[in-house]
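Whenever a hint applies, use it, and build me the whole structure from the sequences.
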Amino acid sequence: MKVQSFKPSREMTFATVQSDCERLVKYFREVTSNLVKLDLSEVTHCDSAGLALLIEAKRLSAVRNKTCEVEGMSKAVHALAEFCGVDAILRPADDVAS
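In our numbering, the protein residues as written are 1 to 98.
The hints are simulated quantities; they were obtained by calculation from the structure and are not laboratory data.
Errors might be hidden in some of the hints.
Simulated DEER-style distance windows between Cβ atoms [unchecked claim]:
id: 1; residue 1: 29; residue 2: 82; range: 15 to 25 Å
id: 2; residue 1: 15; residue 2: 83; range: 17 to 27 Å
id: 3; residue 1: 4; residue 2: 58; range: 10 to 20 Å
id: 4; residue 1: 30; residue 2: 83; range: 25 to 35 Å
id: 5; residue 1: 82; residue 2: 13; range: 30 to 40 Å
id: 6; residue 1: 29; residue 2: 83; range: 11 to 21 Å
id: 7; residue 1: 3; residue 2: 55; range: 13 to 23 Å
id: 8; residue 1: 32; residue 2: 76; range: 31 to 41 Å
id: 9; residue 1: 23; residue 2: 47; range: 12 to 22 Å
id: 10; residue 1: 75; residue 2: 29; range: 24 to 34 Å
id: 11; residue 1: 2; residue 2: 23; range: 30 to 40 Å
Glycine included, C-beta positions come from ideal geometry on N, C-alpha and C.
Here it is, written out as structure tokens:
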């Protein structure tokens with residue numbers, strides 16, 4: 001069974017994060033598998049509000065006992081996550097120890 005991925009706005013910023021969060025909550029209500037996927041492959045810009053959205057996705061997955069995979073994270077988004085000290089939260093569980 002193929003898991004439908006959640007795709008946020010191309011610009012994950014303060015201006016878009018509210019509508020993305022509403023769509024994210026709807027996605028979590030509708031997804032039936034134990035795996036949720038966030039597809040960031042089309043994201044061209046991300047600010048701290050966008051990072052907060054990713055952290056919220058991780059929180060929602062933990063509350064619902066689901067595994068959350070973040071795919072297609074650009075180097076720029078990863079660098080921002082590192083700078084803000086939240087990169088460990090966004091890494092896959094088997095990657096955290098490294």
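Hints, verified against the model:
1. 29 - 82: 15 to 25 Å: violated, 31 Å
2. 15 - 83: 17 to 27 Å: holds, 21 Å
3. 4 - 58: 10 to 20 Å: holds, 18 Å
4. 30 - 83: 25 to 35 Å: holds, 33 Å
5. 82 - 13: 30 to 40 Å: violated, 19 Å
6. 29 - 83: 11 to 21 Å: violated, 32 Å
7. 3 - 55: 13 to 23 Å: holds, 21 Å
8. 32 - 76: 31 to 41 Å: holds, 33 Å
9. 23 - 47: 12 to 22 Å: Holds - the Cβ-Cβ distance for residue 23 and residue 47, about 18 Å, lies within 12 to 22 Å.
10. 75 - 29: 24 to 34 Å: holds, 32 Å
11. 2 - 23: 30 to 40 Å: violated, 19 Å
Comparing the model with each earlier hint shows violations of hints 1, 5, 6, 11; every other hint is respected.
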